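Enquirer: Protein sequence lines, in the order shown, are assigned to chains G and F. The numbering used here applies: residue 28 is where the first sequence begins, and numbers increase by one. The numbering used here applies: residue 312 is where the second sequence begins, and numbers increase by one.
Check the hints yourself; a few may be wrong.
DSSO-like, lysine-lysine: derived pairs with alpha carbons at most 30 Å apart [to be verified]:
(1) Lys83/G <-> Lys44/G
(2) Lys409/F <-> Lys68/G
(3) Lys355/F <-> Lys83/G
(4) Lys355/F <-> Lys409/F
(5) Lys355/F <-> Lys68/G
(6) Lys320/F <-> Lys355/F
(7) Lys68/G <-> Lys83/G
(8) Lys355/F <-> Lys368/F
(9) Lys68/G <-> Lys30/G
(10) Lys325/F <-> Lys68/G
(11) Lys320/F <-> Lys409/F
(12) Lys30/G <-> Lys409/F
(13) Lys355/F <-> Lys325/F
(14) Lys83/G <-> Lys95/G
(15) Lys368/F <-> Lys325/F
(16) Lys355/F <-> Lys95/G
(17) Lys355/F <-> Lys30/G
(18) Lys325/F <-> Lys95/G
(19) Lys409/F <-> Lys83/G
(20) Lys325/F <-> Lys83/G
(21) Lys83/G <-> Lys30/G
(22) Lys368/F <-> Lys409/F
(23) Lys95/G <-> Lys320/F
(24) Lys368/F <-> Lys30/G
(25) Lys95/G <-> Lys30/G
(26) Lys95/G <-> Lys368/F
(27) Lys68/G <-> Lys95/G
(28) Lys368/F <-> Lys320/F
Pairwise CB distance ranges (calculated) [stated by the list, open to error]:
(29) Ile323/F <-> Lys68/G: 16 to 24 Å
(30) Ala313/F <-> Asp109/G: 24 to 32 Å
(31) Ser121/G <-> Asn376/F: 20 to 28 Å
(32) Met40/G <-> Pro386/F: 20 to 28 Å
(33) Ala96/G <-> Gln333/F: 16 to 24 Å
(34) Leu36/G <-> Ala393/F: 23 to 31 Å
The hints are simulated quantities; they were obtained by calculation from the structure and are not laboratory data. Since the structure is predicted, the reported quantities are computational estimates derived from the model, not experimental observations. For each residue, glycine too, the CB sits at the ideal point set by N, CA and C.
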Amino acid sequence: ELKVEQNPLFLSMQEGKNYTIYCNYSTTSDRLYWYRQDPGKSLESLFVLLSNGAVKQEGRLMASLDTKARLSTLHITAAVHDLSATYFCAVDISRGGATNKLIFGTGTLLAVQP
Amino acid sequence: NAGVTQTPKFRILKIGQSMTLQCTQDMNHNYMYWYRQDPGMGLKLIYYSVGAGITDKGEVPNGYNVSRSTTEDFPLRLELAAPSQTSVYFCASSDLEKLFFGSGTQLSVL
Numbered sequence: 028e029l030k031v032e033q034n035p036l037f038l039s040m041q042e043g044k045n046y047t048i049y050c051n052y053s054t055t056s057d058r059l060y061w062y063r064q065d066p067g068k069s070l071e072s073l074f075v076l077l078s079n080g081a082v083k084q085e086g087r088l089m090a091s092l093d094t095k096a097r098l099s100t101l102h103i104t105a106a107v108h109d110l111s112a113t114y115f116c117a118v119d120i121s122r123g124g125a126t127n128k129l130i131f132g133t134g135t136l137l138a139v140q141p
Numbered sequence: 312n313a314g315v316t317q318t319p320k321f322r323i324l325k326i327g328q329s330m331t332l333q334c335t336q337d338m339n340h341n342y343m344y345w346y347r348q349d350p351g352m353g354l355k356l357i358y359y360s361v362g363a364g365i366t367d368k369g370e371v372p373n374g375y376n377v378s379r380s381t382t383e384d385f386p387l388r389l390e391l392a393a394p395s396q397t398s399v400y401f402c403a404s405s406d407l408e409k410l411f412f413g414s415g416t417q418l419s420v421l
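Sequences are here, hints too, so could you generate the full structure?
Expert: In structure tokens:
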């Protein structure tokens, strides 16, 4: 059975601190996505990682992909309160991304405390 | 810029009732998807479509049906609603670079 596991599931961190969210998956895939969801809202695309070794950065967030280890990380630098949200990774299980069929992790609820 | 539009935003059904969740996109995407999100959980794929007239099952298709008669529309039908179908439903479309999500439909089956 395909599994996409995130850890931690809940993360409380202080403003200004750094932390990493991990996403492990159990099948071969070379496409991985990170999404952000605010309470009661829809999902906002953060990053699309399309190959092994891909690294993308936007503001205080940086995502990377290691397809051989089946691992993606979302690193948070100098956290601010506005980053509080739930973060999901999602793995594209269609061959070559042909159908963009995504399987989502369970999410990491991030709470940044002042 | 409408993007992906879902209706209704909220609905309460009685057990055994049926309803259709509407989804339309104006980006001319061939690929469309229905996901459900249970409280505190990630999204589960119900059905998806790679183009008009073509649909396929996802992870949790039981109790649902879909159709895709046009590129723009991808309705999700619930027959004989059950409490286990209480969830938030998201429709999405894709340009094969990323998914664009609608704002969701919160459905309660009582």
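Enquirer: For each hint, tell me whether it holds in the structure or not.
Expert: Tested hints:
no.: 1; hint: Lys83/G <-> Lys44/G; result: 20 Å, holds
no.: 2; hint: Lys409/F <-> Lys68/G; result: 18 Å, holds
no.: 3; hint: Lys355/F <-> Lys83/G; result: 26 Å, holds
no.: 4; hint: Lys355/F <-> Lys409/F; result: 17 Å, holds
no.: 5; hint: Lys355/F <-> Lys68/G; result: 17 Å, holds
no.: 6; hint: Lys320/F <-> Lys355/F; result: 19 Å, holds
no.: 7; hint: Lys68/G <-> Lys83/G; result: 24 Å, holds
no.: 8; hint: Lys355/F <-> Lys368/F; result: 11 Å, holds
no.: 9; hint: Lys68/G <-> Lys30/G; result: 25 Å, holds
no.: 10; hint: Lys325/F <-> Lys68/G; result: 25 Å, holds
no.: 11; hint: Lys320/F <-> Lys409/F; result: 23 Å, holds
no.: 12; hint: Lys30/G <-> Lys409/F; result: 21 Å, holds
no.: 13; hint: Lys355/F <-> Lys325/F; result: 23 Å, holds
no.: 14; hint: Lys83/G <-> Lys95/G; result: 18 Å, holds
no.: 15; hint: Lys368/F <-> Lys325/F; result: 25 Å, holds
no.: 16; hint: Lys355/F <-> Lys95/G; result: 25 Å, holds
no.: 17; hint: Lys355/F <-> Lys30/G; result: 12 Å, holds
no.: 18; hint: Lys325/F <-> Lys95/G; result: 48 Å, violated
no.: 19; hint: Lys409/F <-> Lys83/G; result: 15 Å, holds
no.: 20; hint: Lys325/F <-> Lys83/G; result: 46 Å, violated
no.: 21; hint: Lys83/G <-> Lys30/G; result: 24 Å, holds
no.: 22; hint: Lys368/F <-> Lys409/F; result: 20 Å, holds
no.: 23; hint: Lys95/G <-> Lys320/F; result: 41 Å, violated
no.: 24; hint: Lys368/F <-> Lys30/G; result: 18 Å, holds
no.: 25; hint: Lys95/G <-> Lys30/G; result: 16 Å, holds
no.: 26; hint: Lys95/G <-> Lys368/F; result: 28 Å, holds
no.: 27; hint: Lys68/G <-> Lys95/G; result: 33 Å, violated
no.: 28; hint: Lys368/F <-> Lys320/F; result: 24 Å, holds
no.: 29; hint: Ile323/F <-> Lys68/G: 16 to 24 Å; result: 21 Å, holds
no.: 30; hint: Ala313/F <-> Asp109/G: 24 to 32 Å; result: 27 Å, holds
no.: 31; hint: Ser121/G <-> Asn376/F: 20 to 28 Å; result: 22 Å, holds
no.: 32; hint: Met40/G <-> Pro386/F: 20 to 28 Å; result: 42 Å, violated
no.: 33; hint: Ala96/G <-> Gln333/F: 16 to 24 Å; result: 41 Å, violated
no.: 34; hint: Leu36/G <-> Ala393/F: 23 to 31 Å; result: 27 Å, holds
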